[in-house]
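Chemist: As given, the protein sequences belong to chains A and B, one line each in that order. The first sequence begins at 137 in our numbering and counts up one residue at a time. The second sequence begins at 137 in our numbering and counts up one residue at a time.
Hints may be right or wrong, so weigh each one.
Identical chains share a label here; the pair holds if one copy fits it or two copies do between them.
[Unchecked claim] With a straight-line cut-off of 30 Å between C-alpha atoms, the simulated DSBU-like cross-links for lysine-lysine are:
1. Lys411 to Lys384
2. Lys159 to Lys322
3. Lys297 to Lys411
4. Lys347 to Lys159
5. Lys297 to Lys396
6. Lys257 to Lys159
7. Lys297 to Lys347
8. Lys287 to Lys169
9. Lys362 to Lys169
10. Lys396 to Lys463
11. Lys287 to Lys257
12. Lys396 to Lys362
To be clear, the hints were calculated from the coordinates, so they are not data collected in a lab.
There are 2 protein chains.
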Amino acid sequence: MSENRTELSQLGEFGLIDHINSKFSISQPSTIKGIGDDAAIIEGGSDSLLISTDMLMEGVHFNLSYMPLPHLGYKAVAVNVSDIAAMNATPTQIVISIGISNRFSLEAVDALFEGIHAACKNYNVDLVGGDTTSSVSGLVISITVLGRASKNEVVQRSGAKANDIICVTGDLGAAYLGLQVLEREKEVFLSNPDVQPDLEQYEYLVGRQLKPEARMDIVHELRERKCIPTSMIDISDGLASELFHLGKQSGVGVKIFEDKVPIDHMTFETAIEFKLDPITCALHGGEDYELLFTINPADYDKIKNHPDIHFIGHMHPDANQNVMVTKQQTVIPLTAQGWNHFKSE
Amino acid sequence: MSENRTELSQLGEFGLIDHINSKFSISQPSTIKGIGDDAAIIEGGSDSLLISTDMLMEGVHFNLSYMPLPHLGYKAVAVNVSDIAAMNATPTQIVISIGISNRFSLEAVDALFEGIHAACKNYNVDLVGGDTTSSVSGLVISITVLGRASKNEVVQRSGAKANDIICVTGDLGAAYLGLQVLEREKEVFLSNPDVQPDLEQYEYLVGRQLKPEARMDIVHELRERKCIPTSMIDISDGLASELFHLGKQSGVGVKIFEDKVPIDHMTFETAIEFKLDPITCALHGGEDYELLFTINPADYDKIKNHPDIHFIGHMHPDANQNVMVTKQQTVIPLTAQGWNHFKSE
C-alpha cells in the first residue's frame, strides 16, 4: 500500500493546530470566538464565558522523579487558570480527567488531588466533574477550565495597537533554569544514589518550575485600577513566542528593550553557571506563567507604580518589525523559537 | 520508609470518584450541580449550561488494530455528546486535547479529525479549543463538551419517583458483542494473517461498537412531544449499573421485566454463539450509549407509540428493592456489575 507520510515534527505544535483549525468552522450562535486565543469565548448571558483546556503527560511535561504529586496537581490547575487570567477573566469551574496506571496507589492519587484541592481553594474554582481511567503506561492529566468576565472586560490577543506599551509581570526564565537544575540533580543522583541533592541555593528557580502560580492577583489589580489591557497572553512557551502571537494577531510589530526584560538575579547567575545566555532563557525558556499584555499609553499612569509590572517596549506600526534593542543599543530581530514537542532530539 | 498502599482496584472507578468527590466542596454561586451526574450544571443566564468530560486511552478504551481512526474520532465526540443528551440538553461546543506519539503521521491525525469533524457536523457542535501534545506511548483523546437547555428542561439522575415508568431507547448488548467479535477476529488474524476477517454477518454489532451514536434524536423528539423525563442517564456501563444510579440518586427502587428489555436478534444469536446469556449482555455489556429515563405515568400517552422507546418496568417505592422479573416470572435481584478498569484480570 503506497501512502503519503508527513511527520508531525515537520509542522510543529502551532502548525498542527493551524492545520486542524483550517478544517473546522463555527456554526453555533453562542460561539463568540473559537480556536486561536488562550481560551474560547462563549455567550453566557450577561457575562462572557471562557473555556480552555490543557493536557499534561508524564515524560513530556513532567517527570515524577523530581515532581512531587501534590505540586503536579497544583501546577495542572494553575496552568489552566493562567489561560483564563490571560483573557482578563476569573476562573469558576474545572473538570479533570486523569489516566493512571495501577502502579499508582490510592495514596498517590490522594497526593495528586491534595495539590488540585489546594489550587482550587487558592483560585476559588469548583471541581465539578471529570473522568478517571486506567492508563497502560504513564500518568495523564487533562483539565478544562471555565471562567467568566463582563463582556467589555474580556481581552483577546488581537487588540494591540501601534505604540501600545508592552507590559510583563514578575520575572522570566526562572522556571526554565529550575528545570535545568532538577535535570542535573537527577543525573547526579542516577550516577551516585548516595549523593543527596542540594537544591537550597536554587530554591527560587526550582519553586518556579514545580509550583508556578497563575497571576490572578494581576487580573484583580488591573480591574481595581480600571485598566483594561488592549491584548494579553500568558507566557507558557517563552516571551518571544508570545510576543509574536500578540503582534501577528493584532497586525502590528513588536519592539522591546533587553535591559527592561525582568530577570531575577538567581536566574541570571544560574544561567551563567550553566553557560547559558540569561536573556535567551528569558526570551525562550517558557513555563513562566507570567502575563504579557499591552496597554493604551493613556492607561500608563494607572499602573506605572505597580511593583510587579514591567514595561519592556511597545508595539510597532510596521507588522514586519519584530525587534529587540540590546544592552549595546544594537537592534536585532526577535525569533520565535517555541518548543516543538514532536521533534525527536 | 513505611507507607500504606491501597490499590485502586480495591475501590473501582465509582469508589475512586466518590472518594475524590468527598474532599471537594462547591463555593462558586454559578455552580448549580457539581460531580455526580452525566454533566455538571452551571448558571448560564436564561439557560442552564452543561459541562462533561471523557478521556479515551489507547489499549484501554480502544485498540487501533480494529478501530479505524475516523471511527475513533467520531466515537470520542459521540460519547461526550451522549452525556449532554442524558441531561436532556443540546450540545454546543467541544474542546479536544490529544496526546499522540510520533509514530503517528499527519495523515493519521487527519484521519482522526475527519471523524471528529463528521461528528461535530452531525451533532451541530463547534470545536472551539484544545491542546495537542506528544505522548511517550499510546494515543490519548480527552474531550470536554458544553451544552445548553432551558432551566426547566434539564433532567438529572435524581428526579425519579415511585411508580415512574422506566424507558430505554434502541436495543442493548450489541456493542458488547461487537467487541467480542472484533477480539475474536483479531486472535484469528494474529494466528494466521492470511485469513481475512469475515465480519459481514456481524455488521450491525460491529457498527454499534465502532460507531455509536448519541441519541440526540430522542432528546429532540421528547421535546416535540412535551415530555420531560423525571430522571435520565446514558447507558455507558450497562443497563443494570445505570438503573442503580437512577434508583440510588432518586431514593427509590427498580423493578424491570426481562421480556421487555430490548435485544436485537443479531445480539441474541451472537450471544448464544459465544455461549453468553443474551440478557447478561444487555444488563452488563455497556457502551450502548442509549438513553435510560423515567417518566411520570401521566406522560405515557405522549410517547407510547414511539417506535424506538421501550417500557421495561417502573421505579419501586422501596429503595431496597432492585429486581428483575424473569421470563419464567421469577423475581431475582439485579446486581450492578460495572466494569472495573483498575482491576488486573
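Chemist: With identical chains, the pair lysine 297 and lysine 411 could be close in the same copy or across copies; at 30 Å between alpha carbons, which is it: within, between, both, or neither?
Modeler: neither (38 Å within a copy, 71 Å between copies)
Chemist: Could you place lysine 287 and lysine 257 in one of the four classes (within, between, both, neither) given a Cα distance threshold of 30 Å?
Modeler: both (26 Å within a copy, 28 Å between copies)
Chemist: Please work out whether the CA atoms of lysine 362 and lysine 169 approach to 30 Å or closer within one copy, between two copies, in both situations, or in neither?
Modeler: Within one copy only: 24 Å inside a chain, 33 Å across chains, cut-off 30 Å.
Chemist: How would you label the pair lysine 396, lysine 463 (within, between, both, or neither) given a Cα cut-off of 30 Å?
Modeler: Answer is within: at 9 Å inside a copy they meet the 30 Å cutoff, but 81 Å across does not.
Chemist: If the cutoff is 30 Å on CA atoms, where do lysine 287 and lysine 169 land: within, between, both or neither? Let me know, please.
Modeler: both (12 Å within a copy, 25 Å between copies)
Chemist: Evaluate lysine 297 and lysine 396 at a C-alpha cut-off of 30 Å and name the case that applies: within, between, both or neither.
Modeler: within (20 Å within a copy, 67 Å between copies)
Chemist: Tell me, please, which holds for lysine 159 and lysine 322 at an alpha-carbon limit of 30 Å: within, between, both or neither?
Modeler: neither (43 Å within a copy, 33 Å between copies)
Chemist: With identical chains treated as interchangeable, where does the CA-CA distance between lysine 411 and lysine 384 reach 30 Å or less: within a copy, between copies, both, or neither?
Modeler: neither (32 Å within a copy, 63 Å between copies)
Chemist: When no copy is named, should lysine 396 and lysine 362 be tagged within, between, both, or neither for a Cα gap of at most 30 Å?
Modeler: within (25 Å within a copy, 64 Å between copies)
Chemist: With identical chains treated as interchangeable, where does the CA-CA distance between lysine 257 and lysine 159 reach 30 Å or less: within a copy, between copies, both, or neither?
Modeler: Answer is between: at 12 Å across copies they meet the 30 Å cutoff, but 39 Å inside does not.
Chemist: Given a CA cutoff of 30 Å, do lysine 347 and lysine 159 count as a within-copy pair, a between-copy pair, both, or neither?
Modeler: between (37 Å within a copy, 22 Å between copies)
Chemist: How would you classify lysine 297 and lysine 347 at a CA-CA limit of 30 Å: within, between, both, or neither?
Modeler: neither (34 Å within a copy, 48 Å between copies)
Comparing the model with each numbered hint stated earlier shows that hints 1, 2, 3, 7 do not hold.
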